[in-house]
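Engineer: Sequence:
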Amino acid sequence: MNIKTIVVILVTGLIAAFTGLIASTGNPILLALLVGMFAGVALLKAPNVSVWMLLIIGLFSGFLGSLVPGLSKLPWALALLSMLLLLPVSIKFIENQRIPVFIWLAMVFMIYTVIATLAQLNSLSEFFAGFKRYFQMYGLMFALALLAFKPEDYKRWLKLMMIIALMQLPFSLFEHFILVGMRGGRGVGGAEATDVVAGTFGANLEGGSANSVMVAFLIMAMAFFIARWKEGLIEKKRVVWLCLLCLLPLGLGETKIVIFLLPMVWLIVVRDDIKQKSGRFLLQFVGLLIVTSIFALVYLGLNTGASSLTSSDVLKEALNSNIGSKGYGTYILNRTTVISFWWENHHLSDLVTLLFGHGLGSSYFSPTNPIAGHVAVQYIGYGIDLTTATSILWDTGLIGLLLFFTIFIAAWVSAGRLRAIAGSAQIRADALAIQACIALFIVFTFYDSTLVNFLPFELITATVLGYLGYLIRNQYVASFQA
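Numbering (the working numbering), first residue to last: 2 to 483.
Careful: at least some of the hints might be erroneous.
Said to hold, decoys possible - With a cut-off of at most 25 Å between alpha-carbon atoms, the simulated DSS-like pairs for lysine-lysine come out as follows: (1) K278 to K156; (2) K46 to K156; (3) K160 to K237; (4) K156 to K237; (5) K257 to K160; (6) K74 to K133; (7) K276 to K156; (8) K46 to K133; (9) K317 to K278; (10) K327 to K278; (11) K276 to K327; (12) K74 to K151; (13) K276 to K160; (14) K151 to K278; (15) K327 to K257; (16) K317 to K327; (17) K276 to K317; (18) K237 to K276; (19) K74 to K156.
Claimed, not checked - FRET-style restraints, in silico, Cβ to Cβ: (20) M265 to G302: 19 to 29 Å; (21) F447 to Q98: 34 to 44 Å; (22) G330 to H375: 15 to 25 Å; (23) N370 to F175: 43 to 53 Å.
It is worth saying that the hints were derived from the structure and are not from the lab. The beta-carbon is built from N, C-alpha and C at its ideal position, and this holds for glycine as well.
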C-alpha cells in the first residue's frame with residue numbers, strides 16, 4: 002500500500018467522521034449543506050470548474066444575497082465547494098514538491114486552530130461555524146498554489162478578476178442613485194446613507210454594507226494595472242482610463258480609509274522610481290496628492306452636509322472613534338480599545354487563553370446569526386470581534402495571531418525574491434502588485450474582521466496568495482528546465 006492510498010483512506014475516514022458529526026446535530030441547514038457537499042464531489046474531477054464557480058459566484062455573492070434574501074446562505078455552499086478542493090490538495094502536501102513557505106504556514110495555522118479549539122471545545126456548532134468562517138477559502142488558495150492548472154487558466158482567472166473590478170462602477174452607480182435615495186439621500190443621510198454603495202459585494206439597506214471590501218478590491222486592481230504599466234505591458238493612456246474607472250466608485254460612497262490606502266499602495270508599487278526615475282515619481286506624487294485631496298473633500302462634504310458638524314468636528318470624531326475613547330459605531334469599543342480590552346481580560350496567570358485563545362468562533366457575534374460565540378455573548382455590545390486581529394486573539398490567542406502574520410510576512414518576502422529573479426516582465430509586475438496587496442491585507446487585519454468573517458474578501462485574499470504560490474512554483478520549474 003503506497004502513501005497516496007493511505008492518505009486517501011485517512012481523508013475519507015475524516016470526511017465520514019465529519020459527516021456523522023453534522024448528522025448528529027440535527028441542524029436542517031447543516032444537513033442541507035451536507036447533501037450539497039456530496040453533490041459537489043463530482044466537481045473534484047474538474048477542479049478548474051470549481052475555481053471558475055468560486056470566483057464568479059463568490060465575487061457576486063454579496064450582491065446576490067442582498068438582491069434575493071433566499072441566497073443569503075450561498076456562502077455556505079461556496080465554502081463547501083472550496084473545502085472539497087482540500088482532498089486533491091492533501092496529496093500535494095504529502096508529496097511536498099516545492100511548496101512555498103507561506104503556503105505551509107497557512108496549513109500550520111489551520112491545523113493549529115483546530116487543535117487549540119478541540120483541546121477546549123465549547124460546542125460543535127460553534128467550532129464548525131468558526132472553522133467555516135476562518136478557512137472557507139483555504140481550499141481555493143491551496144488549489145491555485147499547488148494543483149496542475151494550465152498557465153492559460155491563471156491568465157483567464159486574473160483577467161476575470163480585473164473585469165469584475167471594472168464592473169464595480171455600474172453596480173456602484175445603481176446603488177448610489179437608487180439605494181442611497183432609499184436611505185434618505187446624501188443630503189439627509191450623509192455618509193451613513195452612502196454606506197450602501199458596495200458594488201458587487203452586497204448592499205445592505207439596514208447599514209453595514211461591505212463598501213470597504215469594494216474599496217480594497219479596486220485599489221488592488223489598480224496596483225496590478227500600474228505595476229504592469231511600469232513594466233511596459235500596458236500603455237500609459239490605457240492605464241489612466243483603467244485607474245479612472247476604478248477610482249470613480251470610491252467617490253460614490255464614503256470609506257475614509259481610502260485616504261490612507263491609496264498613498265500606501267502607490268508608494269509600494271512605485272518605490273523603485275524614487276531613485277531611478279525621480280522626475281516621473283514627483284509628477285505621480287503631485288497627481289496622487291490631488292486625487293487624495295479630492296476624496297478627502299468629498300468625504301468631509303458627506304459628513305458635514307447632512308449635519309451641523311464642521312470639518313474640524315468631523316476629524317475629531319473620526320479620531321476619537323478610532324484611536325480615542327469613543328466606541329466605533331454602536332459598539333462600546335473601537336479599533337484601538339478593542340485590543341487593549343482583550344489584553345485587560347487576559348493575564349499571565351491564565352497562559353492557556355492568553356496563548357491559545359478560547360476556540361474558533363468564540364468571539365463571533367451577529368444579531369442575524371443564531372450561532373454566537375460563548376465569549377461574545379458575555380460582551381454583547383462591546384464588539385470584541387471588530388477587527389481580524391482581535392477575533393484571532395480571542396479565538397486562538399497570541400500564538401494564533403503570530404502564525405497569521407507570519408503567513409503574510411513570508412508571502413511578502415517570497416514575492417520580493419520572485420521579482421528579483423524573474424525573467425518575465427509580467428511575473429515581475431504581478432509580484433510587485435502582490436506585495437502591495439499583502440500590505441493592504443495587513444492593514445485590514447486592524448481595520449475590520451472581513452479577513453476571517455467575510456467570504457468575498459477571503460476569496461480575494463486566497464486568490465492573491467494562491468496565484469503567488471503558482472508563480473513561485475512555475476518560476477522554479479522554469480529555472481530548473483533552463
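Engineer: So, for every hint listed, does it hold in this structure?
Structural biologist: Status of the hints after comparison with the structure:
no. : hint                     : result
1   : K278 to K156             : violated, 30 Å
2   : K46 to K156              : holds, 21 Å
3   : K160 to K237             : holds, 19 Å
4   : K156 to K237             : holds, 21 Å
5   : K257 to K160             : violated, 28 Å
6   : K74 to K133              : holds, 13 Å
7   : K276 to K156             : violated, 32 Å
8   : K46 to K133              : holds, 23 Å
9   : K317 to K278             : violated, 38 Å
10  : K327 to K278             : violated, 44 Å
11  : K276 to K327             : violated, 43 Å
12  : K74 to K151              : violated, 32 Å
13  : K276 to K160             : violated, 32 Å
14  : K151 to K278             : violated, 36 Å
15  : K327 to K257             : holds, 17 Å
16  : K317 to K327             : holds, 11 Å
17  : K276 to K317             : violated, 37 Å
18  : K237 to K276             : holds, 21 Å
19  : K74 to K156              : violated, 30 Å
20  : M265 to G302: 19 to 29 Å : holds, 24 Å
21  : F447 to Q98: 34 to 44 Å  : holds, 36 Å
22  : G330 to H375: 15 to 25 Å : holds, 24 Å
23  : N370 to F175: 43 to 53 Å : violated, 28 Å
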